[in-house]
Amino acid sequence: MVSRQAALTKVFGDPQKRAVKRLQKRVDGVNALSDKYQAMSKTQLRKQTAVLRERLSKKGTNLDDILPDAFAVVREMASRVIGERHYDVQLMGGMVLHDGNVAELKTGEGKTLMSTLAAYLNALEGKGVHIVTVNDYLAQRDAGWMGQVFDALDITTGVIINEASFVFDKDYDNEAHTDPRMRKLRPATRKEAYQTDITYGTNNEFGFDYLRDNMANEARLLVQRELNFAIVDEVDSILIDEARTPLIISAPAAENPDSYYQFARIASKLVPSDYVLDEKRRSVALTDEGVEKVEKMLGIKNLYTPDYVRSVYHIDQALRAQTLFKRDKDYVVTNGGEVIIVDEHTGRLKQGNRYNEGLHQAIEAKEGVPVLQESMTLATISFQNYFRLYHKLSGMTGTAYTEAEEFQQIYELDVVVVPPNKPLVRVDHPDLIFKTEKGKLKAVADAIKEYHKAGRPVLVGSGSISKNELIADWLDKEGIKYELLNAKNNEREAAIIEKAGEKGAITLATNIAGRGTDIKLGKGVRELGGLVVIGSERHESRRIDNQLRGRGGRQGDPGDSQFYVSTEDDLMRIFQGERIAALMERLGVDEETPIQNRAVSKTLEAAQKRVEGYNFDIRKQVVQYDNVINRHRKVVYTMRRKILDGDTIKPEIERLLTNKVVDLTQLPIKNNPRFVEEFTAVLPVDEQQLETIGGIKKDKQRREQALELARALYQAKEQELGEEAMRGVEREVYLQVLDTLWMQHLENMQHLRQGIQWRSVGQRDPLVEYRSESQKLFDSLQATLTEEVLRAVMHVHRTDAVVTQSSDDEYDTELTKLAEHAVERGVDEITGGELQRDKDFRDAKVKKGSAASDAARRKNATRKKRKSQRQNKRKSRS
Numbered sequence: 004m005v006s007r008q009a010a011l012t013k014v015f016g017d018p019q020k021r022a023v024k025r026l027q028k029r030v031d032g033v034n035a036l037s038d039k040y041q042a043m044s045k046t047q048l049r050k051q052t053a054v055l056r057e058r059l060s061k062k063g064t065n066l067d068d069i070l071p072d073a074f075a076v077v078r079e080m081a082s083r084v085i086g087e088r089h090y091d092v093q094l095m096g097g098m099v100l101h102d103g104n105v106a107e108l109k110t111g112e113g114k115t116l117m118s119t120l121a122a123y124l125n126a127l128e129g130k131g132v133h134i135v136t137v138n139d140y141l142a143q144r145d146a147g148w149m150g151q152v153f154d155a156l157d158i159t160t161g162v163i164i165n166e167a168s169f170v171f172d173k174d175y176d177n178e179a180h181t182d183p184r185m186r187k188l189r190p191a192t193r194k195e196a197y198q199t200d201i202t203y204g205t206n207n208e209f210g211f212d213y214l215r216d217n218m219a220n221e222a223r224l225l226v227q228r229e230l231n232f233a234i235v236d237e238v239d240s241i242l243i244d245e246a247r248t249p250l251i252i253s254a255p256a257a258e259n260p261d262s263y264y265q266f267a268r269i270a271s272k273l274v275p276s277d278y279v280l281d282e283k284r285r286s287v288a289l290t291d292e293g294v295e296k297v298e299k300m301l302g303i304k305n306l307y308t309p310d311y312v313r314s315v316y317h318i319d320q321a322l323r324a325q326t327l328f329k330r331d332k333d334y335v336v337t338n339g340g341e342v343i344i345v346d347e348h349t350g351r352l353k354q355g356n357r358y359n360e361g362l363h364q365a366i367e368a369k370e371g372v373p374v375l376q377e378s379m380t381l382a383t384i385s386f387q388n389y390f391r392l393y394h395k396l397s398g399m400t401g402t403a404y405t406e407a408e409e410f411q412q413i414y415e416l417d418v419v420v421v422p423p424n425k426p427l428v429r430v431d432h433p434d435l436i437f438k439t440e441k442g443k444l445k446a447v448a449d450a451i452k453e454y455h456k457a458g459r460p461v462l463v464g465s466g467s468i469s470k471n472e473l474i475a476d477w478l479d480k481e482g483i484k485y486e487l488l489n490a491k492n493n494e495r496e497a498a499i500i501e502k503a504g505e506k507g508a509i510t511l512a513t514n515i516a517g518r519g520t521d522i523k524l525g526k527g528v529r530e531l532g533g534l535v536v537i538g539s540e541r542h543e544s545r546r547i548d549n550q551l552r553g554r555g556g557r558q559g560d561p562g563d564s565q566f567y568v569s570t571e572d573d574l575m576r577i578f579q580g581e582r583i584a585a586l587m588e589r590l591g592v593d594e595e596t597p598i599q600n601r602a603v604s605k606t607l608e609a610a611q612k613r614v615e616g617y618n619f620d621i622r623k624q625v626v627q628y629d630n631v632i633n634r635h636r637k638v639v640y641t642m643r644r645k646i647l648d649g650d651t652i653k654p655e656i657e658r659l660l661t662n663k664v665v666d667l668t669q670l671p672i673k674n675n676p677r678f679v680e681e682f683t684a685v686l687p688v689d690e691q692q693l694e695t696i697g698g699i700k701k702d703k704q705r706r707e708q709a710l711e712l713a714r715a716l717y718q719a720k721e722q723e724l725g726e727e728a729m730r731g732v733e734r735e736v737y738l739q740v741l742d743t744l745w746m747q748h749l750e751n752m753q754h755l756r757q758g759i760q761w762r763s764v765g766q767r768d769p770l771v772e773y774r775s776e777s778q779k780l781f782d783s784l785q786a787t788l789t790e791e792v793l794r795a796v797m798h799v800h801r802t803d804a805v806v807t808q809s810s811d812d813e814y815d816t817e818l819t820k821l822a823e824h825a826v827e828r829g830v831d832e833i834t835g836g837e838l839q840r841d842k843d844f845r846d847a848k849v850k851k852g853s854a855a856s857d858a859a860r861r862k863n864a865t866r867k868k869r870k871s872q873r874q875n876k877r878k879s880r881s
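Each number in my numbering corresponds to the 1-based position in the sequence shown with 3 added.
No wet-lab data here; the hints were simulated from the structure.
Using N, Cα and C, we set each Cβ at its ideal position, and we do this for glycine too.
Warning: the hint list may mix true and false statements.
Ranges between beta-carbon positions, derived for each pair [stated by the list, open to error]:
(1) G458 - A498: 18 to 24 Å
(2) T192 - G527: 44 to 50 Å
(3) A222 - K673: 45 to 51 Å
DSS-like cross-link-like pairs, simulated, lysine-lysine; straight-line CA separation at most 30 Å [as the list claims (entries may be wrong)]:
(4) K441 - K605
(5) K480 - K332
(6) K703 - K653
(7) K779 - K623
(8) K425 - K39
(9) K329 - K61
(10) K173 - K523
(11) K637 - K623
(12) K480 - K502
(13) K653 - K720
(14) K50 - K130
(15) K45 - K20
(16) K445 - K332
(17) K130 - K28
(18) K441 - K425
(19) K299 - K272
(20) K329 - K605
(21) K173 - K45
(22) K701 - K673
(23) K502 - K526
(24) K50 - K61
(25) K623 - K395
(26) K28 - K39
(27) K130 - K45
(28) K39 - K173
(29) K332 - K779
(30) K425 - K523
(31) K395 - K637
(32) K395 - K194
(33) K28 - K61
From just these sequences and the hints, can you work out the full model?
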């Protein structure tokens, strides 16, 4: 039966072939200019940047018009400076990037060089280009390497990494650096690195700098420019695999660590019949027997009462830590007693990342290491919403087409498969399937031994550190030497990978070797058949498997790839592994004998597709929920930026004043006995005047007179303080209140998100409920902001309004002070938790540190006391 996609292709043609055909016409235009620029001297080529910028400045000229010349100039300069000339397929890829799409280019085809084309062209606008890499090493390597080309073209280059930043400087030389490509990177401030034409860095650093900028208390502390154009390397890893990991800047919050140790001990005493485990969804829940056992150990009668909500939270996380998260697979424990997450996709240690909702603390307690404090969120954003802030976004990778639907739905990016420069000759063998893990590992060790005897280099990929080390144990028994590459020793990654293609080399790696690494064949290896890539198990994502395969057969090199699978592997065990094991048992297959069965291989592939589909649904849900808070974030951050950029805040205060007065005068005093009390709580208005205004029956007249009175009070306050001091007070108060409320709002939104899934029990859509409830929270934030800001501004005295313009902490708020001690982290788990009602937000007391606010409260209390005394006098007279 013909598939739907095949039928559409038959009628309309292959869209990928059409795209390549269009690109080839544009490539021909670039090639036609080759002779022109080859004839120029290096100095003349350098001057072309100024020429192109001049052309771009003319009315009606855009980047597409100068693309052929820009690409031809970069290609010629790269050939002269670093000895690398762009192939036609790289020109195609550069065009795909410039068009704001994803270019799929096979391993070894030169994505780093390809990116220089679109980066240079877009840098001519002077708005900045960000090139995003997967780790600090690649960011520095690429900035130093390609920086030579950009510098020769009079284009500046910067790089930001964790706790450091650099700019490319041809006159600087750091001889201490082992990699010559990085020696010209001169240390610089973060702001300098961002002010360059092209800035390299990791997704984490770009995202955290964005959040830090929106916590700054002065404009001079802002480092990023407008988010103009981003080229994301390994785009599927960053925009898809890490999409479930929101960026969070947090500060410590008080929590007694003893609770975590107590519940870790309880969880360790539970047996499988005490809980229901779902490994597919990574969830676990107590059975009735388990609940009774926990209640007995805690010495309580009913675990599920309001008094023990926190205990339910603790036992849930302790149980997850005990049953779902495994040491040396999901995390490692350092000699210093620190629990560090292992990235399931890359195998790298995720330094600074912590599981949220107390899960990380539960794991620490389980392992018996010090439990770090839980934290309070100061700022957060998901990768999906951060990268959608860019005016134009593009990406490149060796494996993207399997995720084309997600790129289009979430990021509105089309995937274009760029043809290889040379045809692929690597042989990908069918999977070898074993009955047991032991039999599989022995077969892997035997295969390595045979290939090693033949002199062929072997790269073995594993899904976890523990699996990696098991294979190492087998080789140790055989006395075979190897290099071990995993998250525990990734600092030697470059040196190990550099020699992985040498004759007889054996490299055991986790998924760490699948990204940004280029294994070049040593002398005589091509003749022996090239690199052998062995996968010790199937990953739950086909892309990760394809990345591993792609380490071999680069640029038309020969090579082989082979995956070894057992029915005890996680993917097989969760998806029909028992059925396949039973089949092998009936066929009399022993544990050391593999089978190559197409039906089993298809079952595996179907399982991978199911997991990919499930993960896609989760990521789609993440972005749907984050879109809600993203709207709130845009409002808050936009207002904050306006204040920091020096925009006058007076119109905003006047808007708040108008809204509050309109709200207060909706009902006359007859229908609202608290009219005077509510009004004077915010504005210092004479009570007799208010009673007169409140007695007006006509709504419009009552509102207009109240507005007239409020505006007169505002003008009087401005005259009392002086215009400059008034603006200073308004800015200080507004930032103080906004930052405090925003922190509280983030916490409330997190609680709401944790508990909203329970709404589905009542046949209500949790997402619809979340949108509705979150809007109530944000409305409450805005109402509280209005009231607190007006109260503080309108009650401040001249003696409280001394604004020292030279002071560095002029607009310090609780948020900016906490930010000094904040930590950055990614969060790998975002679901679960307890229900939090709206009133928690409304009952929250806004903490304020300004003298103006304290003075306002004192005056307000005095006024209420006098009012009470007057009322008592009236009663005594009567």
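Practice problem: Could you tell me which of the hints above the structure violates, numbers in ascending order? | Solution: 9, 15, 18 and 29
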